[in-house]
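Going down the list, the protein sequences come from chains A and B. Residue numbers for the first sequence follow this note's numbering, so the first one is 1 and each next one is one higher. Residue numbers for the second sequence follow this note's numbering, so the first one is 1 and each next one is one higher.
None of these hints come from the bench; they were simulated from the model. Glycine included, each C-beta is placed from N, C-alpha and C at the ideal position. Take the hints with a grain of salt, since some may be wrong.
Capping the alpha-carbon separation at 30 Å, the derived lysine-lysine pairs in BS3-like fashion look like this [as the list claims (entries may be wrong)]:
#1 B:Lys4 - B:Lys140
#2 B:Lys49 - B:Lys10
#3 B:Lys24 - B:Lys171
#4 A:Lys15 - B:Lys24
#5 B:Lys368 - A:Lys15
#6 B:Lys24 - B:Lys10
#7 B:Lys377 - B:Lys293
#8 B:Lys49 - B:Lys293
#9 B:Lys377 - A:Lys15
#10 A:Lys15 - B:Lys293
Estimated spans, in silico, between C-beta atoms of each pair [what the hints assert, rightly or not]:
#11 A:Asp45 - B:Leu429: 36 to 44 Å
#12 A:Ala170 - B:Asn13: 49 to 57 Å
#13 A:Ala96 - B:Ala175: 29 to 37 Å
#14 B:Leu190 - A:Ala96: 41 to 49 Å
#15 A:Asn198 - B:Tyr2: 30 to 38 Å
#16 B:Gln37 - A:Gly30: 35 to 43 Å
#17 B:Glu25 - A:Gly30: 44 to 52 Å
#18 B:Ala175 - A:Gln113: 19 to 27 Å
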Amino acid sequence: MSARDSILNRIRAVKARGEAPAAAARNEIGEYIRTHPESPRPTGDWELVPQFRRMAAAMSSTVDDVAALGDVPGAVAMYLKGQSLPLEAVCWPQLANLDWAAAGIRIHTGRAQGADMVGVTGAFCAIAETGTLLALSGEDTPASASLVPETHIAVVPVSRIVRGMEDAFALVRAERGQPPRAMNFISGPSRTGDIELNITLGAHGPFRVHILLVQG
Amino acid sequence: MYFKPRASEKLANPTLQRALANFKERFVGARTEAVAQVPNFEELREAAKAIRNRALANLDLLLEEFERNATARGARVHWAEDAEAAARIICEIARTHGVKKVVKSKSMVSEECNVNDALEAQGVQVVETDLGEYILQLAKEPPSHIIAPVVHKSRDEISDLFAEKHGTPRKTEIAALCREARDVLRPHFLSADMGISGANFIVAETGTTLIVTNEGNGRMVTTLPRVHVAITGIEKVVPTLEDVALLLRVLTRSATGQPISNYVSFTTGVKGAGDLDGAEHFHIVLVDGGRSKLLGSDLWEALRCIRCGACMNHCPVYQTVGGHAYGWVYPGPIGSIVTPAYVGIENALDLPNASTLCNQCGVVCPVKIPLPDLQRKLREQQVDRGLRPWTERAALRLWAWVAQRPGLYALGTGIAVRMLSAMGGKERLLHSLPGASGWTGGRDLPAPAGRTFRELYRKRAVRQ
Ligand code: SF4
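Isolated chain A, as found in the complex (with noise of 0.2 Å):
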């Protein structure tokens, strides 16, 4: 017999199912799992956009606002330039038409590379519960763009800010049927605290994260 036969075989002696598990047990987690039904969530009165900006800087990102889309390139010069940091970032294909070169901001599309200081990302949608986004996988929108450089900078429009990671899952399930490779749920910089328990930032991904927030 199979190591995957006597395993569930084990299992279900001790449920008591026999070979054939019970229809009934079938189709009541099954409808358990269609139905995805929610838990209770942390009570608490707030509203979305400042809970976002609290919290994410709770968890160490630091949070800027533009007006619209095409004042991006713009913010992000601008704070690059106040971290002494090169005007040179990788970027998600998705973002790559905006004016890039008007604000003197060297820009390339292809897989983050260890030299690459800065990685310019969208988010599928933010949540304001916890300041966190969520970063999708996909062709316009690679994984290591927001992990490999030490500094990550994150636009975000204001319309995609949801309450909780509940809420994140029904825009995927809504907008993509099911999650790609990669769904990452990014929450500040990275840390260690293995060395004494002393909180360091800058672990093995970014040093900062920085958010546009786009009013638009």
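Keeping the supplied structure of chain A fixed, place chain B with the ligand upon it in accordance with the hints.
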């Protein structure tokens, strides 16, 4: 596995004791604060317990559903009866794909299975990339905590270790040490052919595996190499994505006090057509390793565990001796249950007894596992199977024999309390007592008053 001698050694280690004092303060404080921010945290715990119970009640069906959905997305699901089988499967995967270098993010199940040793034996280089696990790999030590694996080591020890192993000038700033590890590990991420991760949960609905991390190494491991292996226990399956949302809320708050970890990374199937990154081959190894047996025993509730570490963070025994004293992969209260269950009750006799049954662990466990009850059940099993030492059994049998003879019992205890009272002297304290040095070695035993309870009771009864 000998808990007692190891525990004494740990008590006498000043570096460890300093680390543990710091540890206790940080973790307990962080959880308390995080929980206070959620007025209905109790309701969330109840819901978490219900989700895990539902998963265990339908374990076979959910695993089948998971396998179906993961396979439909191009992943391959492997089943391992035990630790050796899991290591064999992973070695075979590495061979098939011609793998030379593996980068690993933290996985306690891979520690159970000694995956690193097996891969190295066939000439594959394995690099641990979680900072804590990397330090342990350099030092050739096992982890001492499930989420803070290197909590037993001081910054000084790590400075020495890095200077020696990296051949770099000795650094003392924590940020500089982290930077050095980042710089050493970066080229490995970019050049490895295979990444091994664990999975905090696997989702039946979508065939997804997910990891909860802070450092970003887990994302590197699952994003950059062309082959990705996720290894986890069969009990980690949950029905839906919504279930994960709830479990994450109690997991990170109980573990580190964070409302969410920096990264929660879901992987479903292989990379899409046209994707610039992501693994081309995705293998998922589901390990039994004693879990299906545990499911059928009266300790089954331990399978609800979501490995947050809160039980050890709050355990007065763990806080005093650290994780290595427990002798296997999982320390603390949950370790005292699953170690005997997975490696054999006769191989871990001390563990269920290394507890005061104070229930600090049960009070904080986010999925409400009654840990002290389970420890008590294991103690009962030890007695039933005659596994306690003969001295203990003989002493109890003698006591039972005497206790069934009230006259003899009164006589014996009468003599004993008078003797002990005399030995206590004016101080009324016993500094040492033959046969009880385990107690008197560390503290004095108050001497009895000179009369037994029954004598005093009789006297009072007459007076009234
Ligand atoms: S037993 Fe409970 S408290 Fe301990 S690690 Fe598991 S879930 Fe956390």
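A quick look at each hint next to the structure:
no.: 1; hint: B:Lys4 - B:Lys140; in the structure: holds, 23 Å
no.: 2; hint: B:Lys49 - B:Lys10; in the structure: violated, 34 Å
no.: 3; hint: B:Lys24 - B:Lys171; in the structure: holds, 26 Å
no.: 4; hint: A:Lys15 - B:Lys24; in the structure: violated, 40 Å
no.: 5; hint: B:Lys368 - A:Lys15; in the structure: holds, 22 Å
no.: 6; hint: B:Lys24 - B:Lys10; in the structure: holds, 16 Å
no.: 7; hint: B:Lys377 - B:Lys293; in the structure: holds, 16 Å
no.: 8; hint: B:Lys49 - B:Lys293; in the structure: holds, 21 Å
no.: 9; hint: B:Lys377 - A:Lys15; in the structure: holds, 21 Å
no.: 10; hint: A:Lys15 - B:Lys293; in the structure: holds, 12 Å
no.: 11; hint: A:Asp45 - B:Leu429: 36 to 44 Å; in the structure: violated, 59 Å
no.: 12; hint: A:Ala170 - B:Asn13: 49 to 57 Å; in the structure: holds, 52 Å
no.: 13; hint: A:Ala96 - B:Ala175: 29 to 37 Å; in the structure: holds, 35 Å
no.: 14; hint: B:Leu190 - A:Ala96: 41 to 49 Å; in the structure: violated, 24 Å
no.: 15; hint: A:Asn198 - B:Tyr2: 30 to 38 Å; in the structure: holds, 33 Å
no.: 16; hint: B:Gln37 - A:Gly30: 35 to 43 Å; in the structure: holds, 36 Å
no.: 17; hint: B:Glu25 - A:Gly30: 44 to 52 Å; in the structure: holds, 47 Å
no.: 18; hint: B:Ala175 - A:Gln113: 19 to 27 Å; in the structure: holds, 25 Å
Going down the numbered hints, you'll see the structure goes against 2, 4, 11, 14, while the others check out.
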